[in-house]
Each structure stands twice: as structure tokens, then as C-alpha cells.
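Generate the whole structure from the sequences, applying the supplied hints.
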Amino acid sequence: MPEIVVLSGKGGAGKTSVTAAFAAMSRNAVLCDLDVDAPDLHILLAPRNSRREPFVAGHLAAIDPARCDGCGECAARCRYGAVSAADRDRFVINPAHCEGCKVCVVLCPRQAILFTPRTCGVSAVSDTRFGPFVHARLDPGAENSGRLVALLRQKAKALAKEQGRDLILADGAPGIACPVVSSITGASLAVLVTEPTPSGSHDLGRVATLCDHFKLPTAVLLNKADLNADEAARIEDACRDAGRPIVGRLPYSPDVTAAMAARQTLPEYGGPLAEALAEAWANVLNLAAAPKPQRNPF
Amino acid sequence: MVITRAGKKGLRLAIASGKGGTGKTTVTAALASIWSQALCRPVLAVDCDVEEPNLHLFLRPVIRRAETAKLEVPMVAEAALCADCGACRELCQFGAVTVMAGKPLVFPEMCHGCGGCLAVCPTGALVAGSRELGRIEEGATETAGYLAGRLRIGEAQSPPLIRAVLARLARIAEPAADVLIDAPPGVSCPAVTTVSGADAVLLVAEPTPFGIHDFELAVEAFTPLGKPMAVAINRSGPGTPELLALCRGHNLPVLAEIANDRVVAETYARGGLLHEAGAHYRAACFALARSLAELPQTAREAAHA
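Line by line, the protein sequences give chains A and B.
What the first sequence shows, in our numbering, is residues 1 to 298, in sequence order.
What the second sequence shows, in our numbering, is residues 1 to 305, in sequence order.
Don't read these hints as lab results, they were simulated from the structure.
C-beta: ideal position from N, C-alpha, C; glycine also.
Treat the hints with care, since some could be wrong.
Claimed, not checked - DSBU-like mimics (lysine-lysine), calculated; alpha carbons at most 35 Å apart, straight line:
| hint | chain 1 | residue 1 | chain 2 | residue 2 |
| --- | --- | --- | --- | --- |
| 1 | A | Lys215 | A | Lys161 |
| 2 | B | Lys8 | B | Lys227 |
| 3 | A | Lys155 | A | Lys215 |
| 4 | A | Lys215 | B | Lys70 |
| 5 | B | Lys103 | A | Lys215 |
| 6 | B | Lys227 | B | Lys9 |
Stated by the list, open to error - Quick partial rundown of chain A residues pointing at chain B, CB under 7 Å, derived from the structure:
| hint | residue |
| --- | --- |
| 7 | Val106 |
| 8 | Ala177 |
| 9 | Cys178 |
| 10 | Val181 |
| 11 | His202 |
Here it is as C-alpha cells:
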């Protein structure tokens, strides 16, 4: 089953607006928001009838003050700076910095450290006007975003199988680390949304290299394409050299924000962006059906 | 130009946002460029958005020193030494080490560098090795010092590199210098790790539905850290009153409001700086720098009011 993930490297390039537009044009897809850290897709998809589930992953260490004799072994061993002295003969663990590595638990000579499963957020399966939607929210400051992304992808696959859906369409996270790596391993196509700015071009290079590293075919959608014609031409040249198809070009337009404010996807809002996105979506579907091998120019 | 303020400790400010692309780097780069002129204080710009570091694209620093940042991970010294006790496997919470057929097996890319397996291995079958996290670069522009982390592509964990950048910052920053830290987007561990290393926070927010939603997440994530916090509104537009009301509700001062102006977008797209987009923007940047310098004081007074 094709699994399309929309990424951008740089935040704010238009990933979520593009994903929502694709979602509106999809026919039989399971939709997914893998940007679990700052999810926004639900704002346009208006999920209802959500079946929620707590996301429990990893553990949290906590010192039992009754048993702590203040030896400080935990503080000396913790590499995350999570342990500090509460007073002369007692230590405490700051949950915001605890990595859940268990080192203090195992090495405490008094067995004074508790290690309890940690709830890191909540995942949900919902209905939307465009089909089923798998989404989540990581608690602020929480760890394990990669595990949560993996969990959402499993849920999306199971749901697609159960309901006979033929596509998974996911909004990815910005950046190139844990949640992004977790969202691309084994996917079929990454649509990289970029903009012709120094940051957009630089970050596209990094996320494209990451996708190449995992042998994931990529295609590029150039957003705000008319902001800087020279930079846009450089991006197009680099993509051509890499055999990275450009699936579409969108002009810089206030329609994106206006549609968002109206809680509409761009195809619902209409106008020139909707037309350009329809063409892009047709290109994406063709590529997802028959991805081509690529080489890396960056 | 060396400016010192006898006995004064510099401000360490994180520039953060929930949503990506709200203008963190735009604001950080502009502030770094005008800071010492506006305040007569030395400044160091730090890029902690290590996954996609962009500050250098706008500040164009001269790099004087670069080093590879590494994480200590276990490696198998001698498989024959393994006593097959399983202590490493039982300890590791990240699936980075196991024992198969009486021999230790390490998956270094899974390791979080806690050092636990090395501490519990009774025979010395495991010893300390390393994994490359990325690069740390140091240098300067004409107006500011510069320090940045750059995550190796393929490296999944950014907080260890962010911690290494902050550790380097602690070693090199002049105590009196102000520090402007460009934080990663979002509100999970990379952003919180960065903001924890600062003593005040500027949230750059955009008044769109996505921007307002993620702004609230950021306020929720960073408020418990107990640091003075203020807001700069970027791409101000029809949603601004809603955002202003939220800031009032959270008792957050709004120190700047930047218009949603195609000229600013085009300046940025050329690699230009915000204060170069026009006299009005230049004045706004100077005013923002001056209010930020007062932020810890303002927050103290507000807390006592």
C-alpha cells in the first residue's frame, strides 16, 4: 500500500496546508498527522468522533525520599543533569530532564529509586470529511516522539487494511531527526515542500539527503515559488540533476492564510492555488504508483 | 570593540516558537546584527536548531573553529570476555545492546549515551566508543560572536548535540556578553533542552490558526520552566487581536509586531535581514532589543506587583 509522507525540513514552508489539500483530493485514503510535537492538520480536518488512547512509552525515575540517604551516586551517574540535591542529605529528579535510562535505578546502593511507566501523550483515531484520521499529541517537553510516530503509522496501516483503503497520506514533522526518521523508514514517497529562500533551499538539501539515505523516493513541491526567481531556478536545477521530480509550483499568496482562517483546505477554498495543487496531486499519485530510483546531488 | 559592564552578567535569551517558520531565525539574525549597536553590549548568536541550522545563511559568520561532537556509546572490546550475564540487556531502555549466543551485540545508533551498560558490565566486554552527533562551529560576524551545532544527517537524536553546544557556550561566552539562542521549533525535548539553557524566552508567534494553536502549546511547555517570557508577533494580520488577547491572558508582554508584508518575505528570500527591509523595521528591531534587555527586570517587577 502506498504511503506518502509530506516533509519540508524547514518549518513553515507549507507542509500542513499542502497535506490538507492532498487529503481533500484523496479518494480512499487514511490520513495521518505525524508532526506529533506541534500537530496542526486537525485544525483543517476538524476531526470528530475521536477514539483516544494514552500513549505510554518509556519510564520515569523518581527518588523515594524515605529511602534516599543522600549518597549522590545517582547525581554522579546521570548524564542528563536530571538529578540535583534537594537538601544536604536528599536528592531529587527533575522529570523534564529524565531520559528514562534506568542507570540511577540500577546503581542506587539503597534501591531508593522508583521507575514507573511514563505517559507521554495521547493518540487518536477520528473521522473527518475526507476519511479516517490518525493523529496524536505528545505532551509538552515529552520524549519518545519517534516511538509515537511509529505507533501512528502502525495504526494507520491496520486501519487501511481493515477498511480497504488504498493509500496512507501523512503530514510529517519539520527537521531531520527522530520523528522524521521514524516517519520515512519504509514509506513509498516523500513530497518535500520547500520555498525559494536561503533557509528553504538549505533545509531541502538536508531532508532530501536524509530520504536518499533511507532510499525513499522524493518529489519536490515549490511553494511561494515567485518570492525569489533566482533561488527557485537553483532549486529546480538541483532537483533536475538529482532526478527529483518537481510535482508543482505554487505562488506566494494570501489565499493560504485566508483558507486557513476559514478552516478550509485550499481545494475547498478554490482559486489558482487549488488548480495548481490538483495538478501536483495528480503528479504525486503517479509517482507513488511507480517510484523511480534517484541519485543524490547534495 | 570590547565593551564590558563591570560585574554584570549577560542576558541569555532563547528565541523559540511552537510552530516552525514563524520567524525565529529572522528575529535572531536581526537582533544579533543590531544588538551591540542598540545596547552597547557584546553579543553572541547561538544556533541550537541543529537539525536545520539557518542562522549562518543570514549572519554569514567567519568560522574560526569547528569540532566534531560525539556521544559516548558502547562498543564490544572482546566478545570472548562476555560472561553472558545479561546485565547490559536488562539495563538498556533503548534496545541498543543485547546478548546473543553468549556474545554482546551493540546497535550504536539506538544508544542514548547513558553509560549504564558500561557501568554494569562486570567483565569489560563492553568499552566506551563513540558516535558522531554532528559538528560544532564557532566564529564571528562583524557585530556578533557565533556558535552553532549542525546535526549529522542520519543522526536521529538532537538533544545530545544541543547539550554539547550549550556546554561549549558555557566555556566560551564572556560572562558579560548577552547570548541570543535560536531554538528548534516545536515543544518536545529538543526545544525544551534549548530553552532550559536560557534565562529568558522570546516567543515568535504568527497570528494564523496554526500559529495560534502552536503558540499555546509553546506557552504550556515553557511556562513551567519559570523563566521570564515575552512575545514578538510576526506576519501580523486579522488574527492579531486573538493572539494579543491570549498574551494578555497569560500575562506575556508583546514587545514587537511585524507586519505581514511581502517586502519582508522578499528581503528574507534574498538572505537579507529584517532591519534592512525598511526604516520602520529597523526601528522596531532596536526597540525590541532594548525591551529584551530589560525583560528579566520587567518580569521581576511584574511578579512583585
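> Of the hints given before, which are not true for this structure?
Replying inline: none
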